[in-house]
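Trainee: Now for the letters of each chain:
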Amino acid sequence: GAVVSQHPSRVICKSGTSVKIECRSLDFQATTMFWYRQFPKQSLMLMATSNEGSKATYEQGVEKDKFLINHASLTLSTLTVTSAHPEDSSFYICSAGVGTGRSGNTIYFGEGSWLTVV
Amino acid sequence: GNSVTQMEGPVTLSEEAFLTINCTYTATGYPSLFWYVQYPGEGLQLLLKATKADDKGSNKGFEATYRKETTSFHLEKGSVQVSDSAVYFCALSQADSGYALNFGKGTSLLVTP
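The listed protein sequences correspond, in order, to chains A and V. Residues 137 to 254 in our numbering are what the first sequence spells out, letter by letter. Residues 847 to 959 in our numbering are what the second sequence spells out, letter by letter.
Rather than coming from a laboratory, the hints here were simulated on the basis of the structure. From a predicted model like this one, the values you see are computed outputs, not experimental measurements. Each residue gets a CB set at the ideal place from its N, CA and C atoms; glycine is no exception.
Coverage of chain A stretches by chain V, computed from C-beta distances (three or more under 8 Å per stretch; other residues unrestricted):
| id | stretch |
| --- | --- |
| 1 | 174-184 |
| 2 | 220-232 |
In silico lysine to any residue, SDA-like type, Cα no more than 20 Å apart, as pairs:
| id | chain 1 | residue 1 | chain 2 | residue 2 |
| --- | --- | --- | --- | --- |
| 3 | A | K177 | V | N868 |
| 4 | A | K177 | V | E854 |
| 5 | A | K177 | V | P856 |
| 6 | V | K951 | A | S225 |
| 7 | A | K177 | V | S849 |
| 8 | A | K177 | V | T953 |
| 9 | A | K177 | V | E888 |
| 10 | V | K951 | A | F227 |
| 11 | A | K177 | V | D930 |
| 12 | A | K177 | V | M853 |
| 13 | V | K951 | A | L182 |
| 14 | V | K951 | A | S179 |
| 15 | V | K898 | V | N868 |
| 16 | A | K177 | V | T851 |
| 17 | V | K951 | A | Q178 |
| 18 | A | K177 | V | V957 |
| 19 | A | K177 | V | T858 |
| 20 | A | K177 | V | G887 |
| 21 | A | K177 | V | Q891 |
| 22 | A | K177 | V | K951 |
| 23 | V | K951 | A | F175 |
| 24 | A | K177 | V | L892 |
| 25 | V | K898 | A | T242 |
| 26 | V | K951 | A | E195 |
| 27 | V | K951 | A | S226 |
| 28 | V | K951 | A | Q196 |
| 29 | A | K177 | V | G889 |
| 30 | A | K177 | V | L956 |
| 31 | V | K902 | A | T242 |
| 32 | A | K177 | V | S931 |
| 33 | A | K177 | V | P886 |
The following residues of chain A were derived to be distant from chain V, with all beta-carbon distances above 12 Å:
| id | residue |
| --- | --- |
| 34 | G152 |
| 35 | G189 |
| 36 | K200 |
| 37 | D201 |
| 38 | F203 |
One chain only, chain V, in its complex shape:
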């Protein structure tokens, strides 16, 4: 079946540090890949997505590239801010599942001043 594996958190970084959160997936066919962010006490917000191999999703300084050869979709940001502190979820969806998502366990990020 489909699954998503994320690096364990929490991740603690200083402001302006470089961020990488690893995500790998297992799926048949060609899934769409997503990163969602959840701020404390809030619901989920789509951060970025990619729907085919070699696509790069980007938003708010975050980037992730769909790598089919390594089945990965790592999230990166060149310079994090305190306001980026949140939980980040990697997810995938398959065309045959409609819009249902398989989520990774989430990675908590804390950025300190």
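Isolated chain A, as found in the complex:
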């Protein structure tokens, strides 16, 4: 079946550096992918919609210059956390959908990426 894969699953970076997280759809093409963020013991919050070949659409309150999203192909979206700070430490998870119409779509989530900024 369709699978969405994220890499890396865990990353530790120093404060002030940038880190890139990849989200791949392994056996289907995804014109749209979504990036969520989850703080410990809290729900997932939609950060942005990644659109293949165009700019990402960010949710209110999400800094687009800090969370750079690139969707260069139909199978790959990347999230780059720039100038990371400890408060950016979180679980980041992507999703992609396949199918058409409300009844036919299926949403797949990546395994998630734990980011720790020290």
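We have chain A already, so just place chain V on it with the hints.
Mentor: Here is chain V on its own, set in the frame of chain A:
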């Protein structure tokens, strides 16, 4: 806007007990409704879904019925197991948002032997 409200956790049950996790939603139109499960240290897994009123989603002994009249999608299981211990998220998506999901805050379930 769209929103999902779940009962607060944590919920602690003994093995073989009956489980209900309440979920209500606010949305315009006819959203699709989902339950996702997150095991400790893992990502999200789709548990079940329903795409129209009166649909019943079911999987692994869990069930939820899409009730438009009460805007609810309560999760139930007749006999829980220790392996069901996880966080459960209710979510909805609208056709006009593509595949973006609005999540509830999650309900932590602990099943004890």
